[in-house]
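Go ahead and model the full structure; you've got the sequences and the hints to work with.
As given, the protein sequences belong to chains H and B, one line each in that order. Just so it is clear: in the first sequence, position 187 is 187 by this note's numbering, and no numbers are missing. Just so it is clear: in the second sequence, position 97 is 97 by this note's numbering, and no numbers are missing.
Hints listed in this document are in silico derivations from the structure and should not be mistaken for laboratory results. Ideal placement from N, C-alpha and C gives every residue a C-beta, glycine not left out. Each hint should be verified, as a subset may be incorrect.
[As the list claims (entries may be wrong)] Straight-line Cα separation of at most 25 Å, SDA-like style, residue types lysine to any residue; simulated pairs:
| hint | chain 1 | residue 1 | chain 2 | residue 2 |
| --- | --- | --- | --- | --- |
| 1 | B | Lys289 | H | Thr252 |
| 2 | H | Lys281 | B | Pro256 |
| 3 | H | Lys184 | H | Ile212 |
| 4 | B | Lys109 | H | Ile212 |
| 5 | B | Lys289 | H | Gln277 |
| 6 | B | Lys9 | B | Arg129 |
| 7 | H | Lys281 | B | Ala84 |
| 8 | B | Lys289 | H | Ser254 |
| 9 | H | Lys281 | B | Pro275 |
[As the list claims (entries may be wrong)] Anything over 10 Å on all C-beta distances counts as not near chain H; from chain B, calculated:
| hint | residue |
| --- | --- |
| 10 | Asp19 |
| 11 | Phe47 |
| 12 | Arg58 |
| 13 | Pro66 |
| 14 | Arg158 |
| 15 | Pro217 |
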Amino acid sequence: MTTPKADFESYWRETVEELGRIPMAAELTPIPLRTTDFSTLYGVHLTSIGPYRIFGYLSVPTSTTTSATKGTKGPHPVIYFTPPYQSVVQPIPQGAANELRRHVITFTLAARGQRNADKPFAAGFPGWLTTGITDPAAYIFRGVVADCLRGLEFILSRTDTGIDPARIAVVGNDLAFITAALGKGATHVATAPELFFGMPSQNASGPRSEVIDHLRQSPNDKTKIENTLALYDLRAFAASAPAARLIQAGPTGSDLDGTALAPLTKSAHATLCESAQSRYKDGLALMTWLAEQFNMPDPNIILPAAWH
Amino acid sequence: MALRKPTGKPDDFDAFWNDVRRQADALPLEPKITADPLRSTDDVSVFQVYFTSLDNIRIAGWYCRPANFSGTLPGLLTLPGYQAEPRIPLDWARQGYAVLNVAARGKLKSHHNFNPGVPNLITHNITDRNTYAYRGIIADAWRGLDFLLAQQEIDPSRIGMVGSSQSGGLTIITAALRSEIKAASAGAPFMCALPEAIRLTDTYPYQEINDYLRVYPESRDAVMTTLSYFDGVSFAGQVACPIIVNIGLRDNICPPGATRAVFEAIGSADKKLYPYDGQGHDAGAHLQKPIVTEFFARHLKNTGASS
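So, in structure tokens, the structure goes:
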């Protein structure tokens, strides 16, 4: 396991403390177009460090206490979808069954730079991962992580929605793992790492190739970038992330495969799942794990119809 | 949900699209090409490009070609999916193609004068075919083809189109309307057999249409009429080039029943369907990749490779 750098603790403690000094200033606006007879959708604006205004979608089952026709009784579990590495964020991730919203409180976050949280900073894709990367204090993901922590804090503050504090899952890429480790209240985490796991290799694909692009043009930045990325390396968060964790690794042989990510599974309740290179099989693995963790009687109630 | 029968291909379908084409062709392309040294590699030259499309919207894209080549290159056109930004298509350039990935209107670098957002893109002006979002998005794909045709290093008789999801649907539509596309590969095509697709799914993006109809039930006829002008099935009969289509039989976003329907409607005699069991919206992309590579090599590079 990677030993956290000496300034790791202070870097994140100061970030969390800075966030604590900024009022959340939550503002909820119902969105009738995305509201159904079984769930209400809200657009949510919050303030994070900077100060910076961020955005999210909160979906709340219409009834928090009674049994839906084929659902579970409230209080309801929560799935917090942290920001994906893309410009747009939808009310629930593309491909997720809308029926999920009948049984689960969901919150999806658009962090600084993403659509609906892109003023004054509009992220480039590619480009988000390397914005300010040579200076840990100015690195854009320091703010993005703070945004994610604010999102978790917001969810836990909404006791009026019928949240079940024993079933709070954070789901997403590396940001899910970091958020669940640094924040308070997450009981489960499911992560599919793609950003922060050591220095990317020369043939890295996806977002990590942005780092290679940067180094090709500015090779003298290597040490600075290594120092910044060490503060975000998932291995440094492994001890503090929730024990109930699903690690969704890349396919065998990829640079983030199950062997590489094994250090994240040092928990009695960890599940490691390598990608089957099928969005069906990988998605099914995630949703059935969540249903099992949430003690749902039938995982089909939260699966898209095509996966039943 | 009870849906009325599909409205089918409208009688004035060809006239409608001929008029859109006339409007687009009347505008100068005004291409702007800027080298991007940050994203270029030893073997691939990368350029950020802009050009003008329908309604005078400036459209962005990534253009890549081999850093070193002689003679002319085969060309490839592609676009990203509904919610994605265009990636830099280094892989195709490394295989010897000059390739353009178009950020159609509404994407990050093409949204200054058109920004419905996501969600909302697929329902933007959905009751009016003359201003519906996909009228412009389809034109943006054509204009991407016009951009490729304007590049001296590209052989205009060897241009193909490849894409998945929204780009898969646009591949079928563009191949139908533009005979300059000589070979096409479409994965999990979006915007196809729409009445059936929205009935079969409760996932976004199609769910956006269901949301709209729930709130505005009185607009159902107008919505279905508009969609009939933009449904891949309405275009597919005009596809004449060789084409391959791959679908995932567990696709939860573009239901395989709908994607099969568009394949069956394709007019080309040289067509092949690759259905993948146990695959979702990625439609077996990792299994299909070598097939697509060989397909374009055979049709665009004259390598003599066998099918």
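Problem - Hint numbers contradicted by this structure - result: When the structure is compared with the hints, only number 3 turns out to be violated.
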